[in-house]
Amino acid sequence: MARDYTDVEKKWQAKWSAAGINMASRDERPKFMIIFAYPGVTGYLHVGHLRGYTYADAIGRDKRLLGYNVMFPVGTHATGNGAISLAARIKRKDPDIIKYMKDNGCTDEQLRGLTDPMSVVDFFNNVYVNDYWKRFGFLSDWRRFTCTLYPDYGKFIKWQFRKLMEAGLLIQKPYYAPFCSQCGPVAIDASETDISKGGNAETQEYTLLKFEFGEMKLVAATLRPETVYGQVCFWVNPDTEYYKVMHRGELWVVSKPAADKLAMQFDDIQFFGTVRGRDLVGWTCKAPIVGRIIPILPATFCDPEVGTGMVTSVPSDSPDDWINLKYIKEHVGEYAKYGIDEKTVASINPVSIIRIEGYGDLPARDAVEALGITSPDDPRLDEAKKQVYKDGFHAGRMRETCGPYSGMRVDEAKEKIKQAMIDSGEAELFHDLSEEVVCRCGETVHIKRVDDQWFIDYGNKELTERTSAHCRDMEIYPPEYYANIHGVLDWFRERACVRQGNWLGTGFPFDEKWIIEAISDSTLYPAYYIISVYANSGNIKPENMTEKFFDYVMLGKGNEEEVAEESKVGVSLLKNIREDVKYWYPLDVNLGGKEHMTVHFPVFLFNHMAILPEDMQPKGIIVNWYITGKKSKISKSKGGAQPIPGAVEAFGVDAMRLYYSHVASMFVDVEWNEEIVVSYKQRLDRIYSFAEDLMQVFGDVSDIDRWLHSRFQVHIANIRSSMEKYDLRQLATTAYYEMFNDLRWYVRRGGSDEATINDALKVWIQSMMPITPHMAEELWEMAGFEGFVSSSSYPESGGPDLSAEYGEDLIRSTISDVAQIRKVASIDATSVYIYTASAWKRKIYSLAADMAESGNGLTIPGLTKESMADPEIRNNGKAASELAKKVASEMVRESPAKLRLYSDSDEYSVLSEASKFMSEEIGLPVKVLSADDTARYDPRGKSSAAVPGRPAIYLE
RNA sequence: GCGGGGGUAGCCAAGCCGGCCAACGGCAUAGGACUUAAGAUCCUAGACCUCAGGGUUUCAUGGGUUCGAAUCCCAUCCCCCGCACCA
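Residue numbers (this note's numbering): -17 to 938.
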């Protein structure tokens, strides 16, 4: 049957909204505040993002069932240049972006309005709230929505930074930042928000080595300063025109691109003409530290774009250098035109400088030969280079050729040698990117030195220790992250917190030329949701949000009258907001994707600790993993893999929510698979139909009612303990599978009591509410329950009815045993006889229970002795002592209560009453007899094998 | 390199403070019921062996601890993620 899920979803969303149950206001109830880390406004979201958001809503809904006043606010993060570049691309009608927007349902008319950044932000804010979060049935307090670009939000951030300054946590020092000459600073990251190429580039620190060449210094850039003792020659590209630049009174020779890069990192670079590479080759220069005079050789592999376009040659440890030197030696004739003679070349011999386990004197040669590389053009040189470096750096030691560094570990020598050369003026540092990075605007990105960069000092020891200590008292999931977060906090150093350039965000309060960057303005913000509602309603304007205002409402500093005077906010409103803050904070749960583990969550914790008092520190963090596309993350910047509105139409919101909750643990990645989502949809269909049928059952009380009631008490307890750990998957398993199966068994067993069904139905629907709220409301209404299930109260577990469960388990296992015997014995049975155990056997269990309770414990000799002391048992001779022995050894770990079940259960009645049912299930007539019935039919004497919990079976 | 996480039956995926585990659940599969048929739904089966409810081998590989290990320890192989201005 086709059920119109969309209608049901819209119907209940409208009702919730009309009743205002999503709105969170301070009252007498205990509170629960949960957020998810708000998304960046960089485009449309995809089905993967809704996973975490759904968890947040479901957890909030579960807390509602337990009587909490739940606040679940949402917002967006628009800081950055995403909106700027998006608007620019729309404005210039970039076909890719137009297609992307249209594919996601943006109309031409809407598109026409999206040519400035704020329109883009507003547009997506609207999409996120209406097409995603409201559409998914979230009970969020929409009045509290905020965005990082709202002026009132900015006021809060400025306050936050003033507090950081007061705490001495803002510091200034030079910084090397990726920089576009057109757009200013850019972010280099794999998702390529700012850039169009080079997302995996890293900033590398090069050591610039200065080689004396007459009055000039030839400057080579190296990543391996520890190898300077092995320098034997110098590479210059003969086809390149090099630049002479003056720097600190020295005349440097570097490539043109290098000169440009140097100018971004040193202030005094002056141009002094050029020199051709071919005019340098054939001469010699003096190498730093070793003072060795080495020949300058031509090398076409010297790329002017990399480093300085000149390279010092260490053939002992650099596969490139080794292979090129080898080539020259073997093809000297080709180099005559550069004035290179055979004698010079022959005199160049590698110097062994590093001893590495598994390598000979010349690691570069070994690596090259091991890979069978014979030509300078072999692409595997890169691999050889990495291998030699890795092995040498971590396991190598400097040889005796390395002067004062002899015997030192390579990783240690690297720093020491570098520093020594810097101190002596033979070297300087330079930063460059590991690969070409191109800005969205098309310009190449370089590293620029920024002298007065502001940092937040997350390396602060005292702050780190307090934050780390607090984490031990938090609920952090998964447990691995709880254990690991201390390491993450320790590892944090200073973090650049402001930037310049083409960037939307809040101005830095101490110097407005800076704009606060994207992570730093999103740390303390959960607290702002408490205040945003007043800003959104217009009761408080940004200009009212003075430093004293926030000091008062957030920290309780100052007195109301003074603050009211200064901020122009009424005293009662001020007090009211202050009470709100005290009521709602601390935040109970901050939920976010795993990418936050090393960035957002740590700074979220640090900033709370730095600014807010002990009793306002966060209480919980939950990390969720991703829904991925085939092979890769479904990337939002690369175009949505599955637009959300389409998925909602196809599968229904509840099916998607159930899919997210149940398909796997929160803490593993899951590959998006529509077929799986469809199967969840079908499950919901079945639940709908079954629940509807259940509502039509009006019958009599029977034994099975007790069993169903017991099962549900167990499920309630199970759900409660699972949700204490926010284990939504277990909740889903219980509600959508176990409860469902038990109800079906109940019906199959002939259960039909209206009151029992009603009770079970009520709990069942409530249990499903957190995950599939629309279906739950619909069923709740159909069943005739009052109000919203979303606002109902979940019961406490009454505990299980062990004897009811024992009886039912007995019936099930007996049926299963009959089936087993029929299968194994492969006989065509026509009827089934079931014999329950003799009374004396139950008595042995009773004695065993007594012993277990007595504290002396259950032992074989003990039980045998006790049993044989009883005349009734003793009468049965050897069978009795054997059973006593068996019971004592097998039941030694069972609880006395369990033993009592064996001894006290009236198995004959239980099975007799179920005989009709068993006949139907088995398909044969079933007769239940007692082994104590002297007139019983028992041609094979099977009844003697019956024991409590396991009746004997005879088929004929 | 530093830090972290994994390898479970055809696939996905629970379990992993040792025993209740031959190992939850889903999907796919097989047999049966229902149906004119298909689909849906329901039942049953599911590593291997077994003519009476039993037994034998399994949870990357190899060792070890234990009365007992998918679960603890060690080693090995393989896979994945983060490493900074991207919430």
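The hints are simulated quantities; they were obtained by calculation from the structure and are not laboratory data.
A couple of the hints might just be wrong.
Claimed, not checked - Calculated pairs, DSBU-like style, for lysine-lysine (alpha carbon to alpha carbon, straight line, at most 35 Å):
1. Lys(-3) to Lys663
2. Lys805 to Lys868
3. Lys116 to Lys398
4. Lys576 to Lys116
5. Lys576 to Lys13
6. Lys13 to Lys523
7. Lys663 to Lys(-8)
8. Lys523 to Lys73
9. Lys(-3) to Lys116
10. Lys368 to Lys398
11. Lys400 to Lys430
12. Lys601 to Lys550
13. Lys550 to Lys13
14. Lys398 to Lys140
15. Lys367 to Lys443
16. Lys368 to Lys268
17. Lys707 to Lys576
18. Lys430 to Lys550
Stated by the list, open to error - The calculated label-pair distances, taken between Cβ atoms and stated as ranges, are:
19. Gly628 to Ser877: 30 to 36 Å
20. Asp85 to Asn558: 23 to 29 Å
21. Glu872 to Arg794: 19 to 25 Å
22. Asp85 to Glu232: 17 to 23 Å
Cβ coordinates follow ideal geometry from the N, Cα and C atoms, glycine included.
Now for the hints, and whether the structure bears them out:
Between the alpha carbons of Lys(-3) and Lys663 the distance comes to roughly 23 Å, so the proposed pair stays at or under 35 Å and holds. For the suggested pair Lys805 and Lys868, the alpha carbons sit about 28 Å apart, so the restraint of at most 35 Å is met. For a cut-off of 35 Å, the pair hint linking Lys116 to Lys398 is broken: about 60 Å separates their Cα positions. The hinted pair formed by Lys576 and Lys116 meets the criterion: a straight-line CA distance of about 24 Å does not exceed 35 Å.
Taking the CA atoms of Lys576 and Lys13, the gap is about 27 Å. The hint holds against a cut of 35 Å. Under the criterion of a C-alpha separation no larger than 35 Å, the hint pairing Lys13 with Lys523 is consistent with the structure, at around 27 Å. Between Lys663 and Lys(-8) the alpha-carbon distance is near 17 Å, which keeps this suggested pair within the 35 Å criterion. Annotation: proposed proximity of Lys523 to Lys73 holds, straight-line Cα distance about 33 Å (limit 35 Å).
Straight-line distance between C-alpha atoms of Lys(-3) and Lys116 comes to about 13 Å, which keeps the hinted pair within the 35 Å bound. Taking the CA atoms of Lys368 and Lys398, the gap is about 22 Å. The hint holds against a cut of 35 Å. Restraint check for Lys400 and Lys430: the C-alpha separation of about 22 Å stays at or below 35 Å, so the hint holds. At roughly 34 Å between alpha-carbon atoms, Lys601 and Lys550 fall within 35 Å of each other, so this suggested pair holds.
A threshold of 35 Å between alpha carbons decides the hint, and for Lys550 with Lys13 the separation of about 30 Å falls inside it, so the pair holds. For the proposed pair Lys398 and Lys140, the alpha carbon gap of about 42 Å is over 35 Å, so the pair is violated. With a CA separation close to 39 Å, the supplied pair Lys367 and Lys443 exceeds the 35 Å bound. As the CA atoms of Lys368 and Lys268 are separated by approximately 28 Å, the hinted pair is consistent with the 35 Å bound.
Distance check on the hinted pair: Lys707 and Lys576 sit about 18 Å apart at the alpha-carbon level, within 35 Å; holds. Annotation: proposed proximity of Lys430 to Lys550 is violated, straight-line Cα distance about 44 Å (limit 35 Å). As the Cβ distance of Gly628 to Ser877 is approximately 54 Å, the hint placing it in 30 to 36 Å is violated. Between Asp85 and Asn558 the CB atoms are about 46 Å apart, so this pair departs from the stated range of 23 to 29 Å.
As the Cβ distance of Glu872 to Arg794 is approximately 21 Å, the hint placing it in 19 to 25 Å holds. For the hinted restraint 17 to 23 Å between Asp85 and Glu232, the CB-CB distance of approximately 57 Å leaves it violated.
The structure fails hints 3, 14, 15, 18, 19, 20 and 22 (numbered hints given earlier, in ascending order).
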